[in-house]
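Listed below are the residues making up each chain.
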Amino acid sequence: DTAVSQTPKYLVTQMGNDKSIKCEQNLGHDTMYWYKQDSKKFLKIMFSYNNKELIINETVPNRFSPKSPDKAHLNLHINSLELGDSAVYFCASSEEVPGQGLNTEAFFGQGTRLTVV
Amino acid sequence: AQSVTQPDIHITVSEGASLELRCNYSYGATPYLFWYVQSPGQGLQLLLKYFSGDTLVQGIKGFEAEFKRSQSSFNLRKPSVHWSDAAEYFCAVAGYGQNFVFGPGTRLSVLP
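Taken in order, these protein sequences are the chains called L and U.
Positions 1 to 117 (our numbering) are the ones given, in order, by the first sequence.
Positions 1 to 112 (our numbering) are the ones given, in order, by the second sequence.
I should point out that these hints are in silico values taken from the structure, not numbers from a laboratory.
Hints are supplied without guarantee of correctness; some may be wrong.
List of simulated lysine-lysine pairs, DSS-like, C-alpha gap at most 27 Å [what the hints assert, rightly or not]:
1) L/Lys36 to U/Lys49
2) U/Lys49 to L/Lys44
3) L/Lys36 to L/Lys19
Modelling step: build the complete structure from the supplied sequences, incorporating the hints.
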């Protein structure tokens, strides 16, 4: 019954490798996000998709590429991993409030702890 | 652009004591405001939210928050803290562009 699920939960990999993190939500939400949480717990948005369309693309290296095959899935692919990519990555989803241009609360996955060695 | 500040990086309280975590936001219109809690190794769980109406909102686990437009604040309170409340707490604002902006978080420690 998990609302937002992301896999894997832990990912340890070497510099230079390419890896993917998968995210799925079963809430029927239109909007999905990727957030990065650094070692100081600061949460920063990376990408936002609404109905499979890219809405927000913050200043993120081109090595990060989101893919949304349908509105229930938003995967994150990372090329040429660097030490600085080590962080916890959270997937989230929310529902748009009709006519308001704002969204209701975000539901978060459990996070993927990425460690680049 | 919207922003959120949480002035206290770390707060320590004794079990049974009252708690107030501060949050100030910057937003050009009526905001949607949220408090989330993150336990170690876990995702973020919504404690409560404010969209409109009554400025005092009740949440889960005995938490409440008060929206004060004049002070651009949305402080979180709990009358009696339990050891299990030790966690990281994040205030957030929903902004245009379907984005959520989070504060830097306040780490709560609870003394027995």
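Cross-check of the supplied hints:
no.	hint	in the structure
1	L/Lys36 to U/Lys49	holds, 22 Å
2	U/Lys49 to L/Lys44	holds, 20 Å
3	L/Lys36 to L/Lys19	holds, 15 Å
Violation of the numbered hints given earlier is absent; every hint is satisfied by the structure.
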